[in-house]
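Participant: Let's have the full structure, built from the sequences with the hints guiding it.
For reference, the chains in residue letters:
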Amino acid sequence: MALPVYASPLERVWYYTFRVLCILIFLFLVAPILIVIPLSFNVEPYFSFTHKMLALDPSGYSLRWYDTLLTLGISAPEDAVRDSSWWSQVWEQATWVKAAKNSLWIGMWATILATVLGTTAALGLSRPEMPYRRLIMALLISPMIVPIIIIGTGLFFFYSSACISPDNWLGWLLSPFLSVKGCLANSHLGIILAHATLGIPFVIITVTATLSGFDQSLIRASASLGANPRTTFFKVIMPLILPGVISGALFAFVTSFDEVVAVLFIAGPDQQTIPRQMWNGIREAISPAILAVATILVIVSIAMLATVEILRRRSERLRGVTPH
Amino acid sequence: MVDLTSAPEILRTADGRPLKSALAQAQRKAKWRAFFLVLPLLAFVVLTFIVPILKMLERSINHDGFSSNAPSMVAWFQDHPASADIPEDAYAALVADLVQMQKDKTAGAAGTRINYTVPGTISVFKAAARSADTLVPPYKEALIASNKMWGDPLLWVAMRNASSEWTSDFYMVSSDLKRNADGGVERVEDNQRIYLYLFIKTFVLSLVITVSCLLLAFPIAHWLAVLPMAKSNLLMILVLLPFWTSLLVRTSSWIAILQEQGIINDLMVWLGVIGDDGRVRMIYNQTGTIIVMTHILLPFMVLPLYSVMRVIPPSYARAARSLGATSWTTFRRIYLPQTLPGIAAGSLLVFILAVGYYITPALVGGADGQLISNLIQFHMSKANWSMAAALAAILLAAVLILYWLYDRLIGIDRLKLG
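In order, the protein sequences belong to chains R and P. The numbers in UniProt numbering rise by one with no breaks, and the one at position 240 of the first sequence is 240. The numbers in UniProt numbering rise by one with no breaks, and the one at position 73 of the second sequence is 73.
Everything labelled a hint here was simulated from the structure, so no lab data went into it. Do not rely on the hints blindly, as some may be mistaken.
Said to hold, decoys possible - Below, a sample of chain P positions facing chain R; criterion: calculated Cβ distance under 7 Å: (1) Pro40; (2) Leu41; (3) Phe44; (4) Thr48; (5) Val51; (6) Lys55; (7) Trp244; (8) Ser246; (9) Asp277; (10) Arg281; (11) Tyr284; (12) Ile352; (13) Leu363; (14) Ile412.
Built from N, CA and C at the ideal position, the CB exists for glycine as well.
Facilitator: And the structure:
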């Protein structure tokens, strides 16, 4: 929007004030996220910039908090030689590394579950003949709307009663996925199911959005050319909706990777995840180690956002939609 | 020539079935096919979402702490209608139960149940159970002599209501109501209305957050909508980045910015706006909750506003200007009404999300920035399951009403993520 030539002086002033205002709001949005990056290199255990940092003195910066992420929780002394046995100890024992492994494992399975179930359901929901479409859609999206504390409370009650004795065959079959007592509470499976539920709305929303621009006659065209439904799905439908599916999967993964409340309610000590570890860190002793983790997470989220943006543009190009 | 007077022949398919029924069959088949695609997810969501919430609702009206541990009392209450005068045989039943409770170590559980409606009764139950086997008849005098609360009609009303495991007591307490001696319901004293106060505070804070989100989102959504596509796509990334960044990351960076030894205070001290001893407390209180939640929920306001503003034709505003309207009138009478769908969508969404927020108030809210969710968590941590469940059920009802409103006004299928 260029300034029109007939603008009065007052309007000119407003025009520039408005821009400054907008830039300030953008700053409010982004600055708090980016500020953790320099702060995480602080040599002091403070949450603020020291004079040395402001003077860009290299001695004011260090990687010590990143080092903490590797060494916290391992039994090797601080000055131990960093050989392969030290690294294997880090891999096995370090608190943050263990948390990262748990988070990735849970996130991966939750994403797979949410994406597979969500995409199939979105395919059904976008068919015009789907009965009770609106009601079912509202139900499937509600995990995003219902406060997580309510879901956590419900899961707590449900999981502590959802136990199966390892004595019968079903219990024996499921026992590797359940807690020692054979319950969903304090088990990885319990968290994976909960996180998948939380991720489903995102998959549904992104995939139905992609499908809304999908030309249904392509399916008929493919069938008339002799393709069976499976070929049609993999060769015609899937390539077109794939960007939406991947966006949805990434959303689902981020949801799981960042989820802490349900974990606090239903997880045991073996299910320490990154958000849970951060939560404890923020509540108890807040150290710049949190900011080091935060920096890593910010970089991950920038990468994910970039992926989704690229996919969105590709999808728009594929569907011949000019970006609007 | 076709004979038009005879009845028209029924249209048939190639294999001879009537076309109408063949079509109906095909449509039914398509319907089922669509439904079977959704079915696995539906079953999954019922198992991991609906069933837990039903469990929670059940918990909110069920508590067997008293009814399962005081069988003689339950039997006595069943046989005798409510009356102000409690006879000796009721006290005898009570003592029998207390003796048993001491053996089973369940006096605490029974007392806890009564304690929800008559505060301070856990210790009364425990003390009475400890000395129950030394009591001699008449039990009424003996018990009242040990603690005169046992003669309190309120306690008997509470015990009568607790003698069934099904109860609405937790909803009553959550609405700041209590029973009086005749079994009726009245409001608790003004200074004890904590739940109502917290519900109102949650709504007011959510409203404040919604309004501040709207005020901040409106200008940038407008700017994004009028900028050329390439530029606005680039700036849109700045809106989406917070959306993709971990909540805990955003919260911890706000702690770094707002705390008393944080960046803003350091900056103000350095600029000389405030002295080193006059550092402002901006976090671990209500202000902290509002600032951080506004930041976190802002993208949810920008996105719906933007998608509405993007399609508003600029020619309307130009027409208004050419007809002599001032820029303010143009904004107020032409532009603003057209953005209303976006304002409604964004505000409702932000409000819904704010009402149930837990993480941010818990981390940066301090003492006075806590919302209803934090109270639910508090009761969960104290093992007051039913109390937490009742509060959660009330919050759920509020959110579902708002969600229904959102679906009616905006339509759930128009929800977009970037």
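Participant: Let's test the interface hint: is any C-beta of chain R closer than 7 Å to that of Leu41/P?
Facilitator: Interface hint status for Leu41/P: holds (4 Å vs cutoff 7 Å).
Participant: Against chain R, is Pro40/P within 7 Å by beta-carbon distance?
Facilitator: 6 Å, holds
Participant: Classify the hint on Val51/P as holds or violated, based on whether any CB of chain R lies nearer than 7 Å to its CB.
Facilitator: 6 Å, holds
Participant: For the hint on Ile412/P, does the least C-beta distance to chain R fall short of 7 Å?
Facilitator: 5 Å, holds
Participant: If you take the shortest Cβ to Cβ gap from Leu363/P to chain R, is it below 7 Å?
Facilitator: 5 Å, holds
Participant: Hold the hint about Thr48/P up to the distance rule: shortest CB distance to chain R must be less than 7 Å.
Facilitator: 4 Å, holds
Participant: Under the criterion of a CB-CB separation shorter than 7 Å, is Tyr284/P in contact with chain R as hinted?
Facilitator: Constraint on Tyr284/P not satisfied, violated at 12 Å.
Participant: Would the hint on Phe44/P be counted as holding, given a Cβ-Cβ threshold of 7 Å to chain R?
Facilitator: Where the cut-off is 7 Å and the nearest Cβ of chain R is about 6 Å from Phe44/P, the hint holds.
Participant: For the restraint on Ile352/P, tell me whether the closest CB of chain R is nearer than 7 Å.
Facilitator: Hint on Ile352/P: holds, closest Cβ of chain R at ~6 Å, below 7 Å.
Participant: Does the CB of Arg281/P sit less than 7 Å away from some CB of chain R?
Facilitator: 15 Å, violated
Participant: May I ask you to test the interface hint for Trp244/P with respect to chain R, counting a Cβ-Cβ separation under 7 Å as satisfied?
Facilitator: It holds, given that the least Cβ distance between Trp244/P and chain R is near 4 Å, below 7 Å.
Participant: Could you check if Ser246/P really has its C-beta closer than 7 Å to a C-beta on chain R?
Facilitator: 4 Å, holds
Hint violations for this structure: numbers 9, 10 and 11, all remaining hints satisfied.
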